[in-house]
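Undergrad: Fit chain B to the known structure of chain A by using the hints.
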Amino acid sequence: MTSDNREIIGTISGTIAAMLKGEHVVPVKEPAEPDEEVGRMVSLVNELVADVNDCESFVSALARGDLGSPPPRSGMKVIDSFKSLQSNLQHLTWKTKRVAGGDFTQKIDFLGDFADAFNSMTSQLQDSFEKIEAQNIELRDARLEAERRAKEMDTVLDSIDDLIIIYDAAGNLVKTNKAFSRIAGPEEGRTRFMIRHPDGRPFAPEEQPEARALRGETVRDDTCRMTGDGGRELSFAVSSSPIVVEERISGAVVVYHDATERMRMEEALQISEQNLRKRNDVIESDLRVAQLIQHHFIPKRIVPGDHLRIDFRYYPLDAIGGDYFSITPLHEHGTGIFIGDVVGHGISAALFLSLLKSATDRVCRKYGTRPKEYMSALNRELIDYMNFNFITAVYGYFLYDESEGTTFTFANGGHPLPVLHRRAAGTVELINADGSMIGAIPDLEFEERRVSLDRGDRIFLYTDGIPEIRNKNGAMIGFENLPHLIRSVSQPDLGGTIDAIMREVYDFKGPMPIEDDIILIGLEVI
Amino acid sequence: MFKNEQNLPHFRWNMLGDLRLGRPNLGTTTELAVYRLMQFTLRDVLICHVGVEKTDAIFFEAGMLSGREFHRNLLPKRGEFNEFFDDLQRVLKEMKMGILRVESADFDASRFVIAIAEDLDCSGLPVCDEEVCTYDEGFLTGLFREQTGEDFQVKEVDCWCSGDRVCRFEIKRAQQSGGER
Numbered sequence: 003m004t005s006d007n008r009e010i011i012g013t014i015s016g017t018i019a020a021m022l023k024g025e026h027v028v029p030v031k032e033p034a035e036p037d038e039e040v041g042r043m044v045s046l047v048n049e050l051v052a053d054v055n056d057c058e059s060f061v062s063a064l065a066r067g068d069l070g071s072p073p074p075r076s077g078m079k080v081i082d083s084f085k086s087l088q089s090n091l092q093h094l095t096w097k098t099k100r101v102a103g104g105d106f107t108q109k110i111d112f113l114g115d116f117a118d119a120f121n122s123m124t125s126q127l128q129d130s131f132e133k134i135e136a137q138n139i140e141l142r143d144a145r146l147e148a149e150r151r152a153k154e155m156d157t158v159l160d161s162i163d164d165l166i167i168i169y170d171a172a173g174n175l176v177k178t179n180k181a182f183s184r185i186a187g188p189e190e191g192r193t194r195f196m197i198r199h200p201d202g203r204p205f206a207p208e209e210q211p212e213a214r215a216l217r218g219e220t221v222r223d224d225t226c227r228m229t230g231d232g233g234r235e236l237s238f239a240v241s242s243s244p245i246v247v248e249e250r251i252s253g254a255v256v257v258y259h260d261a262t263e264r265m266r267m268e269e270a271l272q273i274s275e276q277n278l279r280k281r282n283d284v285i286e287s288d289l290r291v292a293q294l295i296q297h298h299f300i301p302k303r304i305v306p307g308d309h310l311r312i313d314f315r316y317y318p319l320d321a322i323g324g325d326y327f328s329i330t331p332l333h334e335h336g337t338g339i340f341i342g343d344v345v346g347h348g349i350s351a352a353l354f355l356s357l358l359k360s361a362t363d364r365v366c367r368k369y370g371t372r373p374k375e376y377m378s379a380l381n382r383e384l385i386d387y388m389n390f391n392f393i394t395a396v397y398g399y400f401l402y403d404e405s406e407g408t409t410f411t412f413a414n415g416g417h418p419l420p421v422l423h424r425r426a427a428g429t430v431e432l433i434n435a436d437g438s439m440i441g442a443i444p445d446l447e448f449e450e451r452r453v454s455l456d457r458g459d460r461i462f463l464y465t466d467g468i469p470e471i472r473n474k475n476g477a478m479i480g481f482e483n484l485p486h487l488i489r490s491v492s493q494p495d496l497g498g499t500i501d502a503i504m505r506e507v508y509d510f511k512g513p514m515p516i517e518d519d520i521i522l523i524g525l526e527v528i
Numbered sequence: 051m052f053k054n055e056q057n058l059p060h061f062r063w064n065m066l067g068d069l070r071l072g073r074p075n076l077g078t079t080t081e082l083a084v085y086r087l088m089q090f091t092l093r094d095v096l097i098c099h100v101g102v103e104k105t106d107a108i109f110f111e112a113g114m115l116s117g118r119e120f121h122r123n124l125l126p127k128r129g130e131f132n133e134f135f136d137d138l139q140r141v142l143k144e145m146k147m148g149i150l151r152v153e154s155a156d157f158d159a160s161r162f163v164i165a166i167a168e169d170l171d172c173s174g175l176p177v178c179d180e181e182v183c184t185y186d187e188g189f190l191t192g193l194f195r196e197q198t199g200e201d202f203q204v205k206e207v208d209c210w211c212s213g214d215r216v217c218r219f220e221i222k223r224a225q226q227s228g229g230e231r
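Protein sequence lines correspond, in order, to chains A and B. All residue numbers for the first sequence refer to our numbering, where the first residue is 3 and numbers rise by one. All residue numbers for the second sequence refer to our numbering, where the first residue is 51 and numbers rise by one.
So here's chain A without its partners, still in its complex pose (with noise of 0.2 Å):
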């Protein structure tokens, strides 16, 4: 072996060794004039170099993650094991940028523990992809429920008239309906919407409606004033609540209600009222007037006659009645009574009442013996003033004569029909005789009816107050009761014979008031 081959068999050991190592080698330099098979040992050796030192380069570019890199055209079995670790890497790093993109039913097959790791990773993202996405629609769907709930919310808010104010916890304005920019102007402008009292003086600030439903309390239509927009003073029934959740007051809610207008009315209605009591005093006044005269009216005594018992019973109401009555004396054995019920009662039936004592008396002066001319007389006198009154009357003319006795003769212009008691017989009948009302119809005739009386027997007159009293079902005591019960509490006396008829009346009415007058009059025969 010569000198020179064997320098360059040491130069290759040194760089198997150098590679063996893991230092980096260059190829080796050939001899100047190598033996053919030294040339051919030098040439593989290089070759080695090269496809070494390529793969290195291409493996540390894969551990550094540089998946592009060419990799080497060697021939060594090896550098196909990293080209199936470049391709799978690739195809992962493919994978995982369609995962990162979103599609979580990536998986990879044939990749030993990498694949069952990859496809487990993308099942758990796609399950917690699915509850996300299962969350997200919950989480929406509650989304659209409350802005449709919040837009039912702020349509029926605003359909309100009324002022509604929501607070937060710590006081704030957080919603209004459209009232408060209609009646406190824009809500920018709140600063003017400051509240005060009735008297003027301004809300301190826990006076506040809504300070006082934060703090738990419940506000009902307290009063409150504002300058409402444009300067107008407006009046408010203010009512305020707290919002209580999962029993924490979140805020608060404030009802202004206009009252403005209500309380207008209400002090208008005021005033209104206070004039009408004082003209109501001086009307009860005149009331007063009226009843003293209208009761001056009415006989307080009667003259006892020869021939004729008379006793009456008169109760009036506390307002001024429409019933009267009169009796005159028309000469030693003739006697003229009158009893008449106007239809109404108050001032006008007073006023009335007047006109009916000045007309009875005139007419009696002239007809007092003749009961049918009496009525028609009386008829003409009124009927003119008679617009919007009626009278019921019954005139009757006793007359004594030595020759016949006793005799009652009576028209009746729609009144009530006399009672006559026959005491020795024991009979009791109503007598009629007929006429219309008077005032209704002008020129009007009415029949006369002329009944004889024997002593003892006894002739009532009365006003409908009594057969027309009500107990407390509604029911009357009635007409054609009346002549029963006046003979079944019969007394000797006239006049107890009247207080007996008066305690049945009010036995029977109960605990009722009386609606009516009631006159009741008894003539005796003696």
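In short, the hints are calculated from the structure, not lab data. One should not assume that every hint holds.
Claimed, not checked - Mimicking SDA-like on lysine to any residue, the simulated pairs with C-alpha atoms at most 25 Å apart in a straight line are:
#1 A:Lys79 - B:Leu124
#2 A:Lys109 - B:Leu124
#3 A:Lys79 - B:Glu220
#4 A:Lys109 - B:Leu76
#5 A:Lys180 - A:Ala239
#6 A:Lys97 - B:Pro126
#7 A:Lys97 - B:Asn132
#8 A:Lys368 - A:Leu446
#9 B:Lys146 - A:Ser83
#10 A:Lys97 - B:Asp208
#11 B:Lys127 - B:Asp208
Said to hold, decoys possible - Here are some chain B residues the structure puts well away from chain A; computed CB gaps all over 12 Å:
#12 His60
#13 Asn64
#14 Leu87
#15 Asp94
#16 Leu96
#17 Ile164
#18 Glu168
#19 Arg215
Beta carbons: idealized from backbone N, C-alpha and C, even for Gly.
TA: Here is chain B on its own, set in the frame of chain A:
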């Protein structure tokens, strides 16, 4: 069906026949060796008759026709490349044709690099300098044309064997390469 002279291919999917009906006992699958026996012997004889270059052209064209019909009949028509790759990967695996792995995808540039392991045509063959995946190139070209309506250039750029054999293909829109095949 195959006895008429013609200048243009007439193949349609239904010309495969009803495989389920026709093979009620043996089923629709067969040994891979049988498939390769037919293809390799056909290739061998064709080279003898028309030479290597012409044979490669025939195989490429047949692969392209196959890719078109494969897409029309087995892949759902979906517009996105991601979905296309997912469907293709699934169907290739279901039909035991190969394991498709997308290594890179530049959608804007319409440039893709894919690898197919355990390929139907070449897995198990020794790695050599010869490109034996001409049929696959045509198949992929047919698939992409059917998918996009555009011409694509498909080239096998590498292959290796680390137990299973893997072929790497570069696929790009034909215009980008200035009208190359």
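Undergrad: Confirm or reject each hint.
TA: Status of the hints after comparison with the structure:
no. : hint                : result
1   : A:Lys79 - B:Leu124  : violated, 37 Å
2   : A:Lys109 - B:Leu124 : holds, 20 Å
3   : A:Lys79 - B:Glu220  : holds, 23 Å
4   : A:Lys109 - B:Leu76  : violated, 32 Å
5   : A:Lys180 - A:Ala239 : holds, 18 Å
6   : A:Lys97 - B:Pro126  : holds, 21 Å
7   : A:Lys97 - B:Asn132  : holds, 10 Å
8   : A:Lys368 - A:Leu446 : holds, 18 Å
9   : B:Lys146 - A:Ser83  : holds, 23 Å
10  : A:Lys97 - B:Asp208  : holds, 21 Å
11  : B:Lys127 - B:Asp208 : violated, 30 Å
12  : His60               : holds, 36 Å
13  : Asn64               : holds, 31 Å
14  : Leu87               : holds, 26 Å
15  : Asp94               : holds, 26 Å
16  : Leu96               : holds, 29 Å
17  : Ile164              : violated, 9 Å
18  : Glu168              : violated, 8 Å
19  : Arg215              : violated, 9 Å
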